[in-house]
Every structure is written in C-alpha cells, then in structure tokens.
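Participant: Heads up: the protein sequence lines correspond to chains A and B, in order. For the first sequence, position 67 (counting from the first letter as 1) is numbered 84 according to this note's numbering, and the numbering increases by one without interruption. For the second sequence, position 271 (counting from the first letter as 1) is numbered 1065 according to this note's numbering, and the numbering increases by one without interruption.
Treat the hints as calculated values from the structure; they're not laboratory data. Just so you know, these numbers come straight off a predicted model, no measurement behind them. Beta carbons are placed, not taken as given, at the ideal position from N, Cα and C, and that holds for glycine. There's no promise every hint is true.
One side only, chain B facing chain A, incomplete, derived with CB under 7 Å [said to hold, decoys possible]:
1. P802
2. D950
3. V952
4. K969
5. E1052
Result set (SDA-like, lysine to any residue): computed pairs, CA atoms no more than 25 Å apart in a straight line [said to hold, decoys possible]:
6. A:K164 - B:E1039
7. A:K76 - B:M960
8. B:K1067 - A:P72
9. A:K154 - B:E1048
10. A:K76 - B:D972
11. A:K76 - A:K154
12. B:K969 - A:E77
13. A:K71 - B:E1039
14. A:K155 - B:E1048
15. B:K969 - A:V62
16. A:K154 - A:L46
17. A:K71 - B:D832
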Amino acid sequence: MDTRVEVKQRKQEDAELDITPMIDVVFLLLAFFVVVSKMDPKPAVDLPIARYGKPVNEKEAISLIVRSTGTLESPVIVYGRIQNNVELSLDPEEQNQQITDFVAEEFAKKPNLTGVIIKTESGVKYQNTNRVFSAIKKAFDEGGIEKPVLVAVEEPQ
Amino acid sequence: MSFSFQCPVCRSVRTAAENLFGKRVRCVDCDNFVIVDDSTLVDPQHDTVGQLLDSQSGDDLIRNSDKLDSMESTSETAVISSQKDQPQSSGQVPAADDSGGGSVRSAWRAESAEGGFDGSNGNPPTGTDAEEFEAFEMTKKGKRAEDEMDMTPMVDVVFLLLIFFMVTASFTLQKSMDLPTKTQDEPSPNVVVDFEDNPEYVSVFVSENNEFRVRTSEYDWEDAPNRHELNVKLRDAKEAVSKPEKMLIMAHAECMHESVVQAMDIGIEHEYKIQVIMTEESF
Chain A
18 MDTRVEVKQR
28 KQEDAELDIT
38 PMIDVVFLLL
48 AFFVVVSKMD
58 PKPAVDLPIA
68 RYGKPVNEKE
78 AISLIVRSTG
88 TLESPVIVYG
98 RIQNNVELSL
108 DPEEQNQQIT
118 DFVAEEFAKK
128 PNLTGVIIKT
138 ESGVKYQNTN
148 RVFSAIKKAF
158 DEGGIEKPVL
168 VAVEEPQ
Chain B
795 MSFSFQCPVC
805 RSVRTAAENL
815 FGKRVRCVDC
825 DNFVIVDDST
835 LVDPQHDTVG
845 QLLDSQSGDD
855 LIRNSDKLDS
865 MESTSETAVI
875 SSQKDQPQSS
885 GQVPAADDSG
895 GGSVRSAWRA
905 ESAEGGFDGS
915 NGNPPTGTDA
925 EEFEAFEMTK
935 KGKRAEDEMD
945 MTPMVDVVFL
955 LLIFFMVTAS
965 FTLQKSMDLP
975 TKTQDEPSPN
985 VVVDFEDNPE
995 YVSVFVSENN
1005 EFRVRTSEYD
1015 WEDAPNRHEL
1025 NVKLRDAKEA
1035 VSKPEKMLIM
1045 AHAECMHESV
1055 VQAMDIGIEH
1065 EYKIQVIMTE
1075 ESF
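Okay, chain A solo, but in the shape it has when bound (with noise of 0.2 Å):
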C-alpha cells in the first residue's frame, strides 16, 4: 500500500539524519587532534629540570643539541631546525666554526627567527654550553643580530 511505502521512506530518512551528530563529534576530534598533535618527530633529550622556564616556540628558533655522547672536551654537538638534524664534528675548534656559520646562514635566510635554544643535556659540563654559547655570540657580532641565547629546561613532573 502507499502508506507502507511512506512509512519505510521516512524511517529511512531518520537513520540518515541521525548520523549528522557523529559526524559533528568526529570532526570536533579531528580537528582536536590536528591541532594539539606534533607533526614534528623530536629526538629525546634528557634536558635539566627547572620550575622557572619561559615557554618558547621551538618552531621559530634555531635549536642546538649538545648530547652527552662523544668526549667529554667535545660531545656530541647536533644542529638543526627541529628536523634535518645533521651531526657535527668531534674537534672543538671546527665545532665552533660549524656553529657560527650555521647560525649566521639561518639568521641570514630568516630574519625573523626569535633566537637560538640550546639544549644541553644534564651529564654535560658547562664549559661546553659556554663553548657553544661563545660560537652563537660570535656569529651574532659578526651579523650585528641581537636576539637571545636560551638554554633548554624541562618542568617538573
């Protein structure tokens, strides 16, 4: 009868409509979910824990890993704009030259780059940061840029 075939139309017109609130729910989490997700693979570090850290935007600075592998003169120096992370060598003196031309090139490429973090691992000594820190000011006297030099922490769990 055409009152049967009513019937059937319209239920099937209620399953459909009742999807539409999943679909809401799905893409809420989606979106969620892209925007609280890293799409950036970091490579661990075992950085010092501090209370008082300002947060940063990693994106928009140059990050300079010291890992307390290699010699204790001259550990494992890593380089990189969070990705691309290319290992430099094991001489101290071609270690600083490394740095200082990367960080010049970088600022020179972007400008707008807030400043350089250097994460340095807890086992590191500090003559070490200091070394790194001395190739970033020197390549920031030489490009007259002025921008802060930042040691990497983590906060306590």
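Dock chain B against the given chain A, drawing on the hints supplied.
Facilitator: Showing chain B alone in chain A's frame:
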C-alpha cells in the same frame, strides 16, 4: 510449522508461522493488526478459495504479490495467477526466477535466506510464505528502529573519549631560560674582580663537584651544599641592607650544566637579574 487463522476484521483466512502464535500480526488483506490465538484459529481446508475470490481488487505491486502468494496456496489458483499477471511456471526454484514480480521474488529470497522455505522439493512457496513474509517485514522494521537508537551510546562514548583526551593531552611547549653570559673567549679572573666588592651583587660559585658557595656583601664564601641551602641563602641575601638585585653565577668549567641551570632557577625564583660567567678558579 504453521497454522491458519481468520482475521476478525475482514474475515479472510491466512496462515502464519508457528512462532507467531499468540502474537500480534498484521493481516495482509486489511492491514489491521490482529492477535492470533485460539479465538482466531481455523482449519485451513475451509474457506480458502472463497477468501481468494474476495480479494481481487488490489492494484499496487505489493498487494498483487501478496495475493499471488495467497492464491498459490492451492494448486488450481496457482495456475490462474500465472495466467493472469505473473507468468510463472510452477516447479521452479523461486530465487532463480527472473520473470516473477519483484516483491514476490524478494519475499521468497528472504524466505530461503531465513531457512523458512525448503527449496529442495522444487515447489514454489505456498500461501504460508505470505504471512511469514509479513512477519519477516515486521522484524526487519523493528531492527531498523533499534539501529537508530544505537547511535546514542556511541556518541556518548565518543564524547567520553574526547573529554579523556582533552584531560590527558599535554600541551607541552619547550621551556627555556635566558642565558645571560658575558662574552668571553678565555675564562679570565679579571671579570670576577669587578663584582667582588659590589654590594648590588650576590655571587654564587658552582664548584667542579657541583657544590654551591655563596658570597654576599655581608659574608664571604659560605657553603650551600644543596639546592635547598642555596634557596635559603639567596632568600636571606635579598633581605640584606644593600638590597642586592643582581646575581652572579660563577660556574667552574668542570661543573655540570645541570647545576648552573639549578642555580639560575633559584635566582629567577627570588627575582634576581642573573649573570653567568665561566671561571677556572675555585672559591
């Protein structure tokens, strides 16, 4: 397997599957819902042909197909119906029959899928199938209604997940500290001299063994073996008469980066302006 009943509204005799006995079914002829129990039970041999002659007025496809099924309940009417509108040869397996009406075939297919129709004897379905088809239709509709309701718990769960991830997700930003180091190519003791008698400064020395020593305008180097001692000393230094605002961290070249960061952290806590220099002397 099946029983016959008479619809109390239109008086037509129909058959229905045994499991529907005592339940509410819809009469195919008048579309009314009737409860089939002892009061409607009839002997299937009577009245069947008369009812068939009664119900010739249908014009739409579903109704025709329903009637076709009922007509086929006796062998004579099966022949009549096949001459009339459904050119259907008896003895054929219904699912393979392409010439029959669409809804008839779908009903048969549904039957064979449910196992209600025994296709092995090669006979077309009997009148029983009409009612079984009705019953099948009803359960299908009931299931569809349940499908719609099933969406709610899923949305609930999805919301729960959303809340879970909102609570657990860590919006970790890289934390950092300014490194206010004096530029120096060589660690030189001369720099230290400038600060030595300056009452504005509190000096913190980090030894090669990662121990802290503090000097203020009020006292010369005093040990602060751990960070809590250093915390106390820097807090007290702030209360001194000279009101020191600045803090000089003298880091021994051999001390750990970690210790310097610790000293800086405590300095920031007490709102000092921090300077860091590296030295190779001990104090």
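Participant: Regarding the pair A:K164 and B:E1039, is the alpha-carbon distance no greater than 25 Å?
Facilitator: holds, 24 Å
Participant: Regarding the pair B:K969 and A:E77, is the alpha-carbon distance no greater than 25 Å?
Facilitator: holds, 14 Å
Participant: Measure nothing beyond the straight line between the CA atoms of B:K969 and A:V62; if it is 25 Å or shorter, mark the hint as holding.
Facilitator: holds, 13 Å
Participant: Hey, does the B:P802 contact hint survive, CB to chain A under 7 Å?
Facilitator: Given a least distance of 20 Å, the restraint on B:P802 is violated.
Participant: Would the pair A:K154 and B:E1048 pass a check requiring their Cα atoms to be no farther apart than 25 Å?
Facilitator: Holds, at roughly 21 Å.
Participant: When you check the alpha-carbon spacing of B:K1067 and A:P72, does it fall within 25 Å?
Facilitator: OK: B:K1067 and A:P72 at ~19 Å, within 25 Å.
Participant: Can you verify the interface hint for B:K969: is its Cβ closer than 7 Å to any Cβ in chain A?
Facilitator: holds, 3 Å
Participant: Using 7 Å as the Cβ threshold, decide whether B:V952 counts as touching chain A.
Facilitator: holds, 5 Å
Participant: Would you check the hint for A:K155 and B:E1048, treating anything up to 25 Å between C-alpha atoms as holding?
Facilitator: The hint holds at about 23 Å.
Participant: Given B:D950 was flagged as interface, is its beta-carbon under 7 Å from a beta-carbon of chain A?
Facilitator: violated, 10 Å
Participant: Taken at face value, is the distance from the CA of B:M960 to the CA of A:K76 at most 25 Å?
Facilitator: holds, 23 Å
Participant: Straight-line Cα separation of A:K154 and A:L46 no greater than 25 Å?
Facilitator: violated, 45 Å
In summary, the structure is inconsistent with hints 1, 2, 16, 17 from the numbered list given earlier, while agreeing with the others.
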